[in-house]
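Visitor: Letter by letter, the chains look like this.
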Amino acid sequence: ETGVTQTPRHLVMGMTNKKSLKCEQHLGHNAMYWYKQSAKKPLELMFVYNFKEQTENNSVPSRFSPECPNSSHLFLHLHTLQPEDSALYLCASSQATGGADTQYFGPGTRLTVL
Amino acid sequence: GQQLNQSPQSMFIQEGEDVSMNCTSSSIFNTWLWYKQDPGEGPVLLIALYKAGELTSNGRLTAQFGITRKDSFLNISASIPSDVGIYFCAGHRIDSWGKLQFGAGTQVVVTP
Chain A
136 ETGVTQTPRH LVMGMTNKKS LKCEQHLGHN AMYWYKQSAK KPLELMFVYN
186 FKEQTENNSV PSRFSPECPN SSHLFLHLHT LQPEDSALYL CASSQATGGA
236 DTQYFGPGTR LTVL
Chain B
51 GQQLNQSPQS MFIQEGEDVS MNCTSSSIFN TWLWYKQDPG EGPVLLIALY
101 KAGELTSNGR LTAQFGITRK DSFLNISASI PSDVGIYFCA GHRIDSWGKL
151 QFGAGTQVVV TP
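These protein sequences, in sequence, are chains A and B.
Just so we're aligned: the first sequence equals residues 136 to 249 in this note's numbering.
Just so we're aligned: the second sequence equals residues 51 to 162 in this note's numbering.
Excised from the complex, chain A in its bound form (with noise of 0.2 Å):
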């Protein structure tokens, strides 16, 4: 594998549900993110991660929850989601240099809430 992977590629589930998305970057980057994509709106940055430790929540609903266990793997754990948490998620990794750092992205999760 190369690059950014993203599994599932496909996810419905009931609001009552709990599903995990997961996220493994192959390219030796510290940092990881996750982005919410909805339709005809600009990426939203949801969590970012450097070397592990969170330094980013974006004001995300407590429904989401982040984990890190290593910086090659991000996971998004989901529970009780509303509808409107349908979107495509995507996550990115970058080299985390303090500086200008260019994200490479997976290719998304495309989750549908019913």
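Be aware that one or more of the hints could be misleading.
Claimed, not checked - Cross-link-like lysine-lysine pairs, in silico, DSS-like; alpha carbons within 27 Å at most:
#1 A:154 to A:175
#2 B:149 to A:187
#3 A:157 to B:149
#4 B:120 to A:171
#5 B:120 to A:175
As the list claims (entries may be wrong) - Here are the simulated distance ranges between beta carbons:
#6 B:134 to A:194: 30 to 36 Å
#7 A:212 to B:65: 43 to 49 Å
#8 A:152 to B:65: 43 to 49 Å
Keep in mind the hints are simulated off the structure, nothing from the lab.
Just so you know, even glycine gets a beta-carbon here, dropped at the ideal spot from N, CA and C.
Could you slot chain B onto chain A? The hints should help.
Guide: Positioned in the frame of chain A, the structure of chain B alone reads:
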């Protein structure tokens, strides 16, 4: 978060034509990035710009980092059908580590 102003919102062009799009902001940026996103996929990095005035090419794509550091443009020359997709600009401010600001995207449709 603050949004970059990206225009145009969409373009319908004929194969072989050139395409231009730009992004502007009221803030100063240290990095400008241009991504392309195909339906159902994540954004793919096309060009990264790190210095004011920098002009960089990637095949038929050319992008420039504006001298004022508040804008950038992307040109696609001699468009082909596979250029169809949504193009996003993104900017990085030095005072906001890890926070890329994104434009709303330019939808490009190429007709034969």
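Visitor: Give a verdict on every hint.
Guide: Outcome of the hint check:
no., hint, result
1, A:154 to A:175, "26 Å, holds"
2, B:149 to A:187, "17 Å, holds"
3, A:157 to B:149, "21 Å, holds"
4, B:120 to A:171, "25 Å, holds"
5, B:120 to A:175, "24 Å, holds"
6, B:134 to A:194: 30 to 36 Å, "35 Å, holds"
7, A:212 to B:65: 43 to 49 Å, "46 Å, holds"
8, A:152 to B:65: 43 to 49 Å, "45 Å, holds"
Hint compliance for this structure: every hint is met.
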